[in-house]
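J.: What follows is each chain in one-letter form.
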Amino acid sequence: MYLQNLRINNFRNYEDQLIEFDPELNLICGDNAQGKSNLLEAIAYLSLTSSFRGVKDNELLCWNKDYFFVCGELIKKIEKLDLRVGYQRQGRKIWQINKEAKNRLADIVGIFHTVIFSPEDLLLVKEGPQLRRKFLNRQMSQLYDGFCQTLIKYNKILKQKNTLLKESRARIINDEEIEPWNEQLSELGAIIIKKRLDVLTELKVFAAEKHRILSQEEQLDLCYESFLPESQMQQMTVEEIKDALFMVLKNKIIIEKKAAVSVLGPHRDDLSIFINQKSARNFASQGQQKSCAIALKLAELALAEQKKGEKPVLLLDDVMSELDSGRQECLLSLLKRDIQTFITDTKQRSDLSGHLFIVKGGKVLKA
Amino acid sequence: MQYRYPESLANLIKYLATLPGIGPKTAQRLAFHLLNESEENALGLARAIPEARAKVRRCLVCGNLTDGRLCAICEDIDRDRSVICVVEQTRDIFAMERSRSYNGLYHILHGTISPLEGRGPEQLNIAALMNRLREGGVKEVVMATNSTVEGEATALYLARLIKPLEIRVTRIAHGIPVGGDLEYADEATLAQALCGRKEL
Chain D
49 MYLQNLRINN FRNYEDQLIE FDPELNLICG DNAQGKSNLL EAIAYLSLTS
99 SFRGVKDNEL LCWNKDYFFV CGELIKKIEK LDLRVGYQRQ GRKIWQINKE
149 AKNRLADIVG IFHTVIFSPE DLLLVKEGPQ LRRKFLNRQM SQLYDGFCQT
199 LIKYNKILKQ KNTLLKESRA RIINDEEIEP WNEQLSELGA IIIKKRLDVL
249 TELKVFAAEK HRILSQEEQL DLCYESFLPE SQMQQMTVEE IKDALFMVLK
299 NKIIIEKKAA VSVLGPHRDD LSIFINQKSA RNFASQGQQK SCAIALKLAE
349 LALAEQKKGE KPVLLLDDVM SELDSGRQEC LLSLLKRDIQ TFITDTKQRS
399 DLSGHLFIVK GGKVLKA
Chain W
2 MQYRYPESLA NLIKYLATLP GIGPKTAQRL AFHLLNESEE NALGLARAIP
52 EARAKVRRCL VCGNLTDGRL CAICEDIDRD RSVICVVEQT RDIFAMERSR
102 SYNGLYHILH GTISPLEGRG PEQLNIAALM NRLREGGVKE VVMATNSTVE
152 GEATALYLAR LIKPLEIRVT RIAHGIPVGG DLEYADEATL AQALCGRKEL
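Heads up: the protein sequence lines correspond to chains D and W, in order.
Counting in our numbering, the first sequence runs from 49 upward without gaps.
Counting in our numbering, the second sequence runs from 2 upward without gaps.
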C-alpha cells in the first residue's frame, strides 16, 4: 500500500498543505525545527489516530486554531481509501473512511499500516520495558482486529484496580474487593499474553535473520518475560494461562496492597533481547544495540507484510543522523524498493534516488 | 438600563434550568408556559413535587421506588419468590419488565463498584440483599448488571459473596441483539456471543 497524497490543516506548524507523494522513496529534508518530523507525525496520525510522539491532541493544534484535520488517499491492493482524521478543541475527534464516519479507534487502526522508526526506537534495547511493550502493542494493534480493544479494556480495568489499591493507604481493603478486578484482568491478560507469544514466535525468526545480515553472523534471540517462563507458556492454552494468572495475582494481593499499585500482569511483562546468548540490555555495545533495534524494526516490517499480505508504509524519523555510515548503508540496502518509505534528514543525500521535499517554516516544497 | 425579568420569574427560570436536559432557553419557555397555564395545572405541578418527595421512598426489601413500605413487585403474591434479579438502577427494572419474560423479584444496587468514582461495596445496597438471601427461600440470583467493566466487577463480587450460601448465581447472556445482523456486531460482542453458544 502507499499514501498517494496528504492534506494537513492547522496541524502543528502547518496551516494548510497538500502534498503528492512518491509510491516508493520520499526524502524530507530541511533545517531543524522547520516541520520535518511534524510531517511524519501527520502521516502516522492518519494511521494510528494519535501522535506517535506521545503528545495529546490539543497540543497538535496549530497556534491559535480551534481545529485540525489530516486527510489522505491510500492506495491498497484492491481498493483506494480516503482517510480523514479531525480534531476539534473541546470537541470530539472525527474519523472517516471514504466519507463514512467511524466511531471507534478499533475501526481505524490497522487499515493504514505504518511502521515507525524514530530515535526513541534506538533506545529499544537499552531502556526500560515500557518501550518494548509499546513496540509490541503498537504493531499488534495494527496486525490483529480486536487487539486494540482488548488492550483498552484491560487498561480500564487496571485503572480501577490501581485506584482501589491506592485506597488501601487510607482504609482496609478486603481481598474480596480486589478479586473481581483480578478475575477480569486475568481473562483479558491471558488473551494479550497468548497473542504476544504467537507474534513473538514469528517475530523472532525475522529478527534473527535481519540481524545476521546487519551484524555479520551474530545471533539475536528474543524472549518474553512474564510470570511464567516463555517455554512453559507456549504449551498452555488461553484458558490455562488465565487460571494461572489469576492464582498468581491472588498470591500477590498482599504485596500489591503494600505497594498500593498493581505489580503483575501483561502491563508489567518485558521482552528480553539476547545477542549470542548474552543479555543485550546489559552487555551489548551502543553500536550493537542500534543494530539490534534496526533488526527488530525490519522484522516488524516483514511480519506486517506477511500477515497482511500487503506492504506497510515505513516512516524513518531522524534515524539516519543517529547511525554511523556503515549502518546507514546497511539499513538502506535492506529496505525494499517497493515499500513506500519516508525519510527525514537534515542533509540532502545524493546517494538516494527518490522524491525530494524541502521543508521550510511549515511549508513543503517539492524539489 | 438593561431590562431584567421580575425577580420571582427570574427565580423560577433559574430553578427550571437546573433540571437535566433543560438549558436557559427551554427554562424560559417553560416558565412562561407555567405562568399562562391554568391555576389548577400549574399549582398541581407545584404540589406534586413536595408530595412525591415526601411519599416516594425506597422499598424496604428491594430498594425499588414505592409510596408505601414495600414496592408493588415485592407485594405481588403472584411473583416467583425463589428468584431475585439484581440490577444497577431503578430504571433497569422497567426494562426487564418490558420483556415480560421474568416473573421473579428484584434487587436494586443503586450503582456499581467503581473505585475511580469512589464507590465501593459499602456504598451499594448489598447488605440488604445478603439479609434477604440469608432469610432463605431464594434458589437463584440473576445478575443483570450492565456489561461494562464496572458492572462485570460488581456481578463477580456479588457472586463470590453469595456462593457460600449455596444459592445458584447466574449471569444474563451478552451477545448478538435479537433480530440483529451478524456483520454489524463488533468483535468483542461476537466473541462474547461465541463463548455463550448453546447446543441445538
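Please keep in mind that the hints were generated in silico from the structure rather than gathered at the bench.
Don't take every hint at face value.
In silico DSSO-like links for lysine-lysine, alpha-carbon gap of 27 Å or less [to be verified]:
1. LYS298/D <-> LYS199/W
2. LYS242/D <-> LYS199/W
3. LYS199/W <-> LYS305/D
4. LYS414/D <-> LYS124/D
Source: prediction; values computed, not measured.
J.: Against this structure, judge whether each hint is valid.
T.: Hint-by-hint comparison with the structure:
1. LYS298/D <-> LYS199/W: Answer violated: LYS298/D to LYS199/W is near 32 Å, above 27 Å.
2. LYS242/D <-> LYS199/W: holds (26 Å)
3. LYS199/W <-> LYS305/D: violated (40 Å)
4. LYS414/D <-> LYS124/D: Judged against 27 Å, a Cα distance of about 24 Å means the pair holds.
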